[in-house]
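Take the sequence shown: its letters are residues 36 to 269, numbered as in my numbering.
Honestly, I wouldn't trust all of these hints.
[As the list claims (entries may be wrong)] Lysine-lysine pairs mimicking DSS-like chemistry, simulated, CA-CA at most 30 Å apart:
{"#": "1", "residue 1": "Lys198", "residue 2": "Lys145"}
{"#": "2", "residue 1": "Lys168", "residue 2": "Lys198"}
{"#": "3", "residue 1": "Lys145", "residue 2": "Lys168"}
{"#": "4", "residue 1": "Lys168", "residue 2": "Lys74"}
[Claimed, not checked] DEER-style ranges, computed between Cβ atoms:
{"#": "5", "residue 1": "Lys74", "residue 2": "Ser114", "range": "20 to 28 Å"}
{"#": "6", "residue 1": "Thr240", "residue 2": "Phe180", "range": "20 to 28 Å"}
{"#": "7", "residue 1": "Ser155", "residue 2": "Ala117", "range": "16 to 24 Å"}
{"#": "8", "residue 1": "Thr240", "residue 2": "Glu157", "range": "36 to 44 Å"}
{"#": "9", "residue 1": "Thr240", "residue 2": "Tyr132", "range": "37 to 45 Å"}
{"#": "10", "residue 1": "Ser195", "residue 2": "Gln57", "range": "33 to 41 Å"}
{"#": "11", "residue 1": "Thr209", "residue 2": "Asn37", "range": "17 to 25 Å"}
{"#": "12", "residue 1": "Asn261", "residue 2": "Glu157", "range": "40 to 48 Å"}
Hints were generated in silico from the structure; no laboratory data involved.
Beta carbons are placed, not taken as given, at the ideal position from N, Cα and C, and that holds for glycine.
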Amino acid sequence: FNDPIVSLAVDRPGELYVTTVQNHLQHFSVNGKLISLYKDEPFPTLFDPRDGSRLFVYYRNTQQFAYLNPSFEDMHRLSLDAAFAIEPWLICASGDYSIWVLDAADFSIKKINTRDGVVSVEVLLPENFSRNKSDYLTMREYQGFLFIADSNGLVHIHNSMGKYLRSLSVVNPTSLNFLGEELYYINHDTLHFFNLFSTETRTQTLPAPATLAILTDERLYLGQGNVVGVYEVR
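With these hints in hand, go ahead and build the complete structure from the sequences.
Okay, structure coming up:
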């Protein structure tokens, strides 16, 4: 790549998405072929490829969220109604018709059904959580859990009703990813796994040091600088 890699993501079929410092978002097939390049403005605040057919994006500066097709074209775009949140800071997808919103006005998290226009969950973040909105980096739902990563190296885990469960200390909280029932993150040359249901942990040594890692059933992608290394999983 021509500039350093900021993030890696993978959709359910295993296709790769690479974001670089210059706000280039590229979509690759499992065989490494470039499928599409995101060229629109503004650049998304949050991107989640989900199942690969409906990619979710959130734009903080316009308070809009959208579902894109695999070519990064709008399929459905919505503006967040100000009645739901005073100062939205992060928005992520929840299933097919709902979203989670982190509202920096009162540091609450809300699940909103966008089809019916109702708030189904609303809870305040615990009092010991940061009240500096810029500390909150990203948010994502997976397997019925909500994950909020902050700049203090913590990933906060909440259940489907927004109840806080626990926090994990990670080296790079934005490198957080999931495989099956496990959450995983990278630390230099090791992947650390946390089972969401049993809370058991394990580690896996990587073939090379990296700052970003994506693991699928077939591939291991390692990001370092402006290079992505691709390894077969056996």
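Verification of the hints:
Taking the CA atoms of Lys198 and Lys145, the gap is near 11 Å; set against the 30 Å cutoff, the hint holds. For the given pair, Lys168 sits about 20 Å from Lys198 by alpha-carbon distance, which is consistent with the 30 Å threshold. Annotation: proposed proximity of Lys145 to Lys168 holds, straight-line Cα distance about 16 Å (limit 30 Å). Between the alpha carbons of Lys168 and Lys74 the distance comes to roughly 28 Å, so the proposed pair stays at or under 30 Å and holds.
The given range of 20 to 28 Å is respected by Lys74 and Ser114, whose C-beta atoms sit roughly 22 Å from each other. Between Thr240 and Phe180, the C-beta spacing of about 27 Å keeps the proposed range 20 to 28 Å intact. Under the hint 16 to 24 Å, the C-beta atoms of Ser155 and Ala117, about 19 Å apart, fit the expected range. For the hinted restraint 36 to 44 Å between Thr240 and Glu157, the CB-CB distance of approximately 43 Å keeps it satisfied.
As the Cβ distance of Thr240 to Tyr132 is approximately 41 Å, the hint placing it in 37 to 45 Å holds. Between Ser195 and Gln57 the beta carbon distance is about 37 Å. The supplied range of 33 to 41 Å therefore holds. Judged by the Cβ atoms, the range 17 to 25 Å given for Thr209 and Asn37 holds: they are separated by roughly 21 Å. Checked against the hint of 40 to 48 Å, the pair Asn261 and Glu157 passes, with Cβ atoms roughly 42 Å apart.
Against the hints set out earlier in the document, no violation occurs for any number.
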